[in-house]
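Chains as they are written, first to last, in our numbering: chain A, 539 to 631; chain B, -16 to 549.
Errors might be hidden in some of the hints.
[What the hints assert, rightly or not] Calculated pairs, EDC-like style, for lysine to aspartate or glutamate (alpha carbon to alpha carbon, straight line, at most 16 Å):
1. A/Lys586 / B/Asp238
2. B/Lys305 / B/Glu386
3. A/Lys586 / A/Glu566
4. B/Lys305 / A/Glu627
5. A/Lys586 / A/Asp560
6. B/Lys488 / B/Glu478
7. B/Lys488 / B/Glu386
8. A/Lys586 / B/Glu312
Hints were generated in silico from the structure; no laboratory data involved.
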Amino acid sequence: MTILDRLLDELRSAKGPISTTDLARRLEVSESTLDGMMSVLVATGKLKGDEPQGDTYACSGVACGTKCVGLDDCAFIVSVPTTVHLVLEPTAR
Amino acid sequence: MTALRIDYGPDLEPAIAQLETTIADSDLAETYPSRWLAIALLDHDAGLTDDLLASTSGQALLDLTDTLSTDLTGRGVDVATAIAGHRFDAVHEIARETSHGHHETTVSTTDRIDAVVTNRWLGIPIFLGLMWAVFKITTDVAGAFLDWVDVTVSGPISSLTTSLLTAIGLGGTWVESLVVDGAIAGVGAILVFIPVLFCLYLALAFLEDTGYMARAAFVMDRAMRGIGLQGKSFLPMMVGFGCTVPAVYATRTLDNQRDRILTTMLVPFMSCGARLPVYVLLGAIFFPDYAGLAVFAMYLLGIAVALVLGLVLRRTVLPVTKHAPTIMEMPPYRMPTARSIWFHTWTRTKAFLREAGSIIFITMMVVWLLMAIPLSGSGSFADTDVDDSAFAAVSGVVAPVFEPAGFGSWEATGSILSGFVAKEVVIGTMAQAYGVDEIDDAGNPGSVSAQAWSVVTGFGQASVDAVRAIPGIVGINLNAEDGEDESTALQTSIEVGFEQSSGGKGALGALAFMVFVLLYTPCMAAVGAIKGEIGAKWMWASIIGQTALAWVMAVAVFQIGSRIVG
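Starting from the given sequences, assemble the full structure and let the hints guide the process.
Here it is as structure tokens:
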């Protein structure tokens, strides 16, 4: 079992979300190494990065409705943490 | 120097060896190291294909690679992941052997805080504690400024406006009624709560800028998964504490339609800032010693109802889909800057003010117009008892529906009806419907300079009171010696109104009213957003379903409460 398999196993057996800090600790690697491992797994289709990542925003309907183009006009901002999820294998019927 | 040779394990090594043998016997052996090429072929290195096809043995080699890859895949081996995994193992092993003395993981301040804040058992209580502190700050600290704005609007601003209109010959006319009773009493009653909203937005901006909100989504993931949602769904809900409309748009951050629909249906139960003034006002009137707790309870009730409704929807019309396990990257904690907090707070407050100056102003004018038109009695336009007005007549038709909930008066009903336009209007309509002339209560307003001075000194006193209220968040009451706050004429009028409509159980009627305002149909703008995002069918479900649920809950609160209280 490689370290990437261990990463996937940790994720499969998790009962909730795992933070990158916690996962790196469990695999005994640095967070930057974990980042590289996750990139490989995203490239091979085992993981998928959620969109949008990082900061995104939504604005007040009266102030700017759906045409929110700049932070200056957006009253309410939702900051979405960067998330990556496991690509589930299709279950056999 | 020895070349690094990575062992690719019992699954891959036989395939690599077979390819190596074939390559060694081909014309490609002179161009490429055979092991390197074998691994690159199994790894589907697209850059090699053209070169291989140009060679005489290239096609045969590619065919063999396909056969071996298919065989490995059939045995459940993901070749690309396995190759990368063995390489990471090798690098990891080298790093372990060569970095003596650096094996101990550095524990940062963020890690230490996260160990507590995102703890499986402590996470949610800490989240609830922080939210309680937010609403305690909102009600207690902002309360002092609320009184100051109230006194300023109903005192100096109203009296100076009246004086000005009298000076230009409009005193006692419908214009004076429109400006003083309509604009100032209506919109002014909403603006009074700006300090409350400012404090709420300030506290939320502080939590956002520290990086805590991402942790809130993390710790709420378990609760969210219980209703078939993911932790990320909690973020639009947090936005919903500010305003439902952007929260509905924020559901676009969710990656499947079912989650978007379910989250959008639950977002309106997160009590928006526009409903806050209703809780603060009724809390101050009927639960003066527990106003902060009453406000917090409303927010908690909204979350609880959303969770229960989520469970119901999950088991009925929106069956759960399996959510994939997630890795979340938490941003590091930051010390928020004053500039950033101010930016977020002011932008949100500005949006509220902009709304107050547009749709709310127009609605308040319409409400005033309906209250100015007499349908009975001997009054004339703009000079009639509000009980005889068109507004009272229309609201009075619907009012009996709310009698089982203890607030079946036309004043409370009219406030609820107008609240469909915007929830801010509820409090503005109450100010007009329970109409009292506060200028008269203030007595002689005095000179302009005296009033200006009273505004300045009032602000100073409010600032002192606000600072003294801060220790109250942790239970230390420095304002205790001030005794009971004096109720305003509006508060007294509302208290009397609820006592009458509830048969002497004013507090229960007010609580039922607060529950109804919390749960009933979202405002017009939010309804439009829901229609735009998830369609008309769900929009109607939201309008009808929420209003029905609000009525049932309000009736339950009043009826069960009445039996308990006796």
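Hints and how they fare:
1. Restraint check: the Cα-Cα separation between A/Lys586 and B/Asp238 comes to about 11 Å, which is no more than 16 Å; the hinted pair holds.
2. The straight-line distance between the Cα atoms of B/Lys305 and B/Glu386 is roughly 44 Å, outside the 16 Å bound, and the hint therefore fails.
3. Straight-line distance between C-alpha atoms of A/Lys586 and A/Glu566 comes to about 23 Å, which puts the hinted pair past the 16 Å bound.
4. Proximity of B/Lys305 to A/Glu627 is assessed by CA-CA distance (about 11 Å); at most 16 Å being required, the pair is judged to hold.
5. A hinted pair counts as satisfied when its Cα atoms are at most 16 Å apart, and A/Lys586 with A/Asp560 does not qualify at roughly 19 Å.
6. For the given pair, B/Lys488 sits about 10 Å from B/Glu478 by alpha-carbon distance, which is consistent with the 16 Å threshold.
7. Proximity of B/Lys488 to B/Glu386 is assessed by CA-CA distance (about 12 Å); at most 16 Å being required, the pair is judged to hold.
8. A hinted pair counts as satisfied when its Cα atoms are at most 16 Å apart, and A/Lys586 with B/Glu312 qualifies at roughly 14 Å.
Hint violations for this structure: numbers 2, 3, 5, all remaining hints satisfied.
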